[in-house]
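J.: Protein chains in written order, with our numbering: chain A, 582 to 916; chain B, 582 to 916; chain C, 582 to 916; chain D, 582 to 916.
Some hints here could point you the wrong way.
Identical copies carry no separate label here, and so any pair may be met within one copy or between two of them.
[Stated by the list, open to error] With a cut-off of at most 35 angstroms between alpha-carbon atoms, the simulated DSBU-like pairs for lysine-lysine come out as follows:
#1 LYS807 - LYS698
#2 LYS770 - LYS698
#3 LYS698 - LYS745
#4 LYS745 - LYS770
Read the hints as simulated data drawn from the structure, not as lab findings.
4 protein chains.
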Amino acid sequence: MTRIAILGATGYTAVELIKLLLRHPEADLVAATSRQEGNPPIAMVHPSLHRRIDLNLEDLTPQEVASRAECVFSCLPHGASASVIPHLLDAGCRVIDFSADYRLSDPQVFAQWYGEKHHDPDRLGKVVYGLPELFREQILGARLVANPGCYPTSAILALAPLLKSGLIEPEGIIVDSKSGVSGAGRTLKLTTHYPECNESISAYNVGRHRHTPEIDQILGSVAGTKVEVVFTPHLVPMDRGILTTAYSRPARQVTEEEVLQALRDFYAEEPFVRVIDHLPGTKDTMGTNFCDVTARLVRGRVITISCLDNLVKGASGAAVQNFNLIYGYPETTAL
Amino acid sequence: MTRIAILGATGYTAVELIKLLLRHPEADLVAATSRQEGNPPIAMVHPSLHRRIDLNLEDLTPQEVASRAECVFSCLPHGASASVIPHLLDAGCRVIDFSADYRLSDPQVFAQWYGEKHHDPDRLGKVVYGLPELFREQILGARLVANPGCYPTSAILALAPLLKSGLIEPEGIIVDSKSGVSGAGRTLKLTTHYPECNESISAYNVGRHRHTPEIDQILGSVAGTKVEVVFTPHLVPMDRGILTTAYSRPARQVTEEEVLQALRDFYAEEPFVRVIDHLPGTKDTMGTNFCDVTARLVRGRVITISCLDNLVKGASGAAVQNFNLIYGYPETTAL
Amino acid sequence: MTRIAILGATGYTAVELIKLLLRHPEADLVAATSRQEGNPPIAMVHPSLHRRIDLNLEDLTPQEVASRAECVFSCLPHGASASVIPHLLDAGCRVIDFSADYRLSDPQVFAQWYGEKHHDPDRLGKVVYGLPELFREQILGARLVANPGCYPTSAILALAPLLKSGLIEPEGIIVDSKSGVSGAGRTLKLTTHYPECNESISAYNVGRHRHTPEIDQILGSVAGTKVEVVFTPHLVPMDRGILTTAYSRPARQVTEEEVLQALRDFYAEEPFVRVIDHLPGTKDTMGTNFCDVTARLVRGRVITISCLDNLVKGASGAAVQNFNLIYGYPETTAL
Amino acid sequence: MTRIAILGATGYTAVELIKLLLRHPEADLVAATSRQEGNPPIAMVHPSLHRRIDLNLEDLTPQEVASRAECVFSCLPHGASASVIPHLLDAGCRVIDFSADYRLSDPQVFAQWYGEKHHDPDRLGKVVYGLPELFREQILGARLVANPGCYPTSAILALAPLLKSGLIEPEGIIVDSKSGVSGAGRTLKLTTHYPECNESISAYNVGRHRHTPEIDQILGSVAGTKVEVVFTPHLVPMDRGILTTAYSRPARQVTEEEVLQALRDFYAEEPFVRVIDHLPGTKDTMGTNFCDVTARLVRGRVITISCLDNLVKGASGAAVQNFNLIYGYPETTAL
């Protein structure tokens with residue numbers, strides 16, 4: 582049994598995390614923080630949790646959190662996370678961070694894309710990127726895990742095996758991603774006001790989405806060379822789900838079957854990546870920790886298509902998978 | 582005043598067409614055909630037309646149609662259209678064909694993508710492709726117009742100016758398109774059954790969608806060289822709208838502003854193409870005949886983004902625009 | 582040609598109104614107000630209006646408005662409307678008010694439901710309720726029209742003919758209404774944040790929705806006796822549309838056909854009410870000024886079902902209909 | 582461990598059931614039937630089940646089913662269920678029937694509403710209605726359970742406590758229900774074709790929905806007198822969820838708090854009914870076996886509002902709850 586705290590528990594990833602942890606036989610949720618006034622019960626903020634959890638939101642210091650919990654899931658925004666996490670680590674907690682604060686290894690890249698100096702630059706480059714399919718060994722027993730972004734997970738799982746096996750060129754990769762609206766969070770914005778985004782699809786943050794350097798870095802490390810993807814996110818009128826259509830050039834003469842086989846081989850032992858022959862829809866993965874991946878060869882271009890639930894494999898499910906690895910619980914527990 | 586017949590009036594493009602024609606001061610809708618039994622009023626099949634039109638669906642021969650109407654809009658499926666249209670032309674009608682039957686100039690390409698021999702091969706190559714922004718002169722007074730496909734319109738309008746001006750390479754163009762469900766028609770299919778496609782996005786017909794050769798052909802003619810795009814359509818949970826994100830390589834050193842200016846110059850006089858600086862959503866064009874186009878330059882790649890309403894500029898609005906050009910009515914009438 | 586100003590032009594009813602007026606041959610939109618800084622073009626706030634209108638939002642005084650426009654559509658919220666409208670009337674403008682400020686005839690009822698004193702109480706009771714199907718004569722040439730609420734329009738059009746003809750009891754009427762999200766306006770709220778309201782239906786403001794006294798008052802005046810409806814609004818995950826299912830008791834032995842005939846008789850000459858035999862969906866009326874009405878007799882209870890587009894017949898379409906009546910234009914112009 | 586078979590495994594209730602059973606430590610799914618040709622793996626028909634279950638659809642006789650399974654969940658349509666179930670019972674199986682075949686106690690009422698003679702009339706009236714909140718004792722160890730309809734569950738749970746305690750009149754109850762589209766099943770119909778039902782709400786089967794007599798019967802048995810509700814179902818553009826707004830008259834002077842307290846008292850020990858003070862949305866219960874219930878007193882009328890997930894508490898979750906009761910597993914297992 583592990584005593585768990587969640588920081589920043591009012592958003593969508595937090596409520597998804599809580600639901601997963603409620604199913605986890607070894608998880609004991611002991612604290613949930615928020616700056617909401619009056620310490621309301623969590624169920625006041627997330628009515629779906631009514632009668633399922635008896636815990637109030639509290640505005641706690643890192644020390645108070647550490648005095649109660651062994652493991653902390655931080656759902657705080659970037660910047661805020663890196664301000665708190667060093668204190669938690671010093672106090673002996675293990676931390677799974679949902680923010681981007683510890684994903685990038687270079688503080689300058691962070692500053693460039695996030696527009697602010699990093700609060701804890703010395704730790705960058707020493708934190709494992711919490712994608713078990715690539716970094717399981719380093720996650721086992723880790724004290725701090727940087728939980729991947731939702732878009733990067735979909736892009737990396739589809740492309741990494743092909744880069745690693747040298748089947749595709751690392752140059753000129755295009756990542757065209759489509760996400761449901763929960764990915765934009767619970768903060769009110771005109772772009773996610775129902776009558777604005779319903780019945781509409783649009784691209785956004787073209788050329789400047791902050792998940793870009795994260796995809797670059799991980800694919801680059803896998804490929805062993807610099808990778809700079811062209812990444813275009815789109816907002817789709819649905820609650821959850823990401824579909825990524827990635828375009829790359831084969832590095833040599835390949836068949837579609839070879840590409841598919843490379844994916845199958847890579848993920849043969851993976852519990853949460855399904856290499857499929859048919860074309861997936863995000864709904865096939867809704868509410869699950871699966872990422873479905875397939876590939877096609879069209880006019881000399883490799884098209885990889887992947888999908889997942891942005892709140893599960895793209896966030897809270899991945900976090901629970903990391904939690905299981907850190908603490909030595911069976912990797913699929915509660916997932 | 583022009584007497585008009587609609588063939589195959591039970592689908593979504595037909596009802597959209599009827600609504601546009603009801604606003605058209607020079608359109609006199611005199612016949613609407615269907616194989617529905619019992620000659621029901623159109624409003625029985627399209628309840629939104631109740632009290633707006635007093636016309637029954639009839640199962641008419643081409644001769645009967647020609648005896649009543651001067652101008653025929655054929656909303657029949659491919660194959661069926663080419664079986665009927667020669668008779669209508671012989672009888673003196675002008676025809677605007679919504680199907681793919683007269684879009685391609687090469688019967689072999691047709692046979693390859695549509696899996697059947699063309700019914701009227703000799704006419705191929707002599708029919709104008711009804712995209713006024715490229716072929717307005719040939720449409721004026723035409724006897725037969727091949728109304729463009731919805732995806733091709735979105736892709737061609739975004740790419741043609743850049744190919745024509747030599748700003749982008751004709752090789753390696755990627756067209757990643759996202760469409761609402763009405764584009765799949767009114768025929769019942771599991772993939773468009775509400776609980777299947779709602780809250781999900783998926784790619785379909787990857788590498789084999791029939792709009793591919795149409796995009797190839799028109800862009801090729803504009804570029805003056807062979808073009809083979811990689812075209813990936815996606816199904817989006819919304820009624821209507823297409824967003825196309827196209828990726829190409831600049832043919833020379835260009836700035837984003839140059840690309841945008843090329844688009845602005847090309848469409849300076851066009852009533853229905855809006856070159857915009859912001860990133861559009863399909864909703865901005867919903868129910869209108871506009872196509873919104875913009876461009877970005879990202880990591881050395883040109884990204885063009887276009888959107889339109891697949892039932893209007895992608896089908897029935899374009900048809901009315903063509904109708905106006907054929908008959909010399911102001912081009913924007915009823916649009 | 583009538584010079585028109587719109588007050589509060591940033592919301593959904595305003596943009597819908599602008600689109601209708603753009604189709605109106607006698608409407609000359611000369612001003613649009615808002616407190617937005619910097620006098621941006623309207624199309625900056627409503628991208629769908631790009632290239633369709635060349636007008637900037639301005640923060641104008643009533644005097645400035647009156648110096649430019651003859652007719653003012655006020656899309657201001659309640660309270661704000663009544664603060665401005667007296668000045669506009671004094672300056673000679675005619676006004677169509679979208680707010681609730683002049684709908685109720687009793688300032689005390691207003692204060693009770695809106696929680697504030699009325700700014701212009703002396704005028705209450707002298708302003709025509711802009712529902713042409715009931716009050717056409719008074720609207721003709723009126724200087725001030727109180728444009729009806731969206732829910733009241735759907736409820737009143739379904740029930741008024743039956744109350745007037747004495748077919749149903751005025752007591753115990755239940756009005757169960759379902760509305761799309763645009764009815765909640767463009768102001769950001771958690772309840773209309775996409776991931777909150779999508780894929781969910783809920784009742785809201787049960788027993789205290791402010792459209793209740795408006796329904797009471799008009800049905801009461803029609804019935805010639807006090808009416809107090811039980812009104813329950815629901816939020817439906819769709820952009821637009823209201824469906825109202827109303828339950829009442831027959832005042833005497835009636836057949837379903839008699840009820841339908843009473844509706845047909847009442848609306849025989851009405852251009853925008855369609856009495857139908859089938860069960861309507863809100864989509865049948867989407868984008869139109871129609872209200873579809875039908876009735877059923879079930880286990881001794883009269884069920885009337887009505888639907889309309891809350892932004893058209895429920896707001897801006899009704900306003901244009903009123904505009905046409907005030908100025909003597911054909912009632913259906915632009916509709 | 583209980584060996585389980587599912588009859589009619591291609592629909593939405595079946596796939597939901599399978600997902601729940603996969604989480605159940607005592608459930609061993611040994612057979613799934615369908616008339617699909619070629620015995621495809623279930624995951625071919627339900628792609629979300631890929632890699633989660635290794636079972637093929639088979640066209641089995643009742644005897645073959647009984648030779649493998651102890652417990653059978655029948656997801657067959659009405660009529661078909663009653664043709665098979667007697668054989669399964671004779672062969673010693675216990676059966677949980679999703680169809681309406683064993684819900685009504687009177688074969689004549691069945692014939693009247695379902696338009697056909699019952700196949701197994703002698704058993705009617707002896708089968709427990711599988712709503713544990715009312716009939717838990719009879720479900721324990723039952724050989725055959727009639728799993729309730731989705732609408733009836735929402736209506737009965739909201740009204741039964743008030744009828745039982747004599748707080749409301751059994752006469753004149755109005756049940757206005759709103760359901761997501763999955764409730765209409767997986768069979769293709771125009772009404773559930775995406776572009777038809779998306780962005781629209783409509784009433785359907787007014788006065789003749791087959792869940793009416795089921796609500797009548799159970800509420801009547803609870804009230805100890807004849808009940809005939811006016812039941813109006815509506816189709817809402819969302820995947821899943823039912824919200825029921827029921828209107829009744831208090832049988833005596835009551836306060837809102839008394840009504841709420843009656844609900845709280847009745848469900849004090851129930852694991853899956855949450856009596857709440859706020860107004861619920863169906864999303865609060867999505868994917869769970871909860872039914873949320875609240876009440877308001879408005880102008881002398883009691884309004885009860887309840888919501889649930891039609892595929893879980895309205896179908897497959899209820900079935901698993903019944904399964905747990907029958908076999909003595911903890912009632913909340915897998916839920």
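J.: Have a look at LYS770 and LYS698 and pick one of within, between, both or neither, based on CA distance no larger than 35 angstroms.
T.: Result: close both inside a copy and across copies, 25 angstroms intra and 32 angstroms inter.
J.: At most 35 angstroms between CA atoms: does that hold for LYS745 and LYS770 within a copy, between copies, both, or neither?
T.: Neither way: LYS745 and LYS770 sit 40 angstroms apart in one copy and 40 angstroms across, limit 35 angstroms.
J.: Check LYS698 against LYS745 for me: Cα-Cα at most 35 angstroms, and say if that holds within a copy, between copies, both or neither.
T.: Close inside one copy (32 angstroms), not across copies (45 angstroms); limit 35 angstroms.
J.: What label fits LYS807 with LYS698 when the C-alpha limit is 35 angstroms: within, between, both, or neither?
T.: within (24 angstroms within a copy, 49 angstroms between copies)
The earlier numbered hint that this structure contradicts is number 4, and it is the only one.
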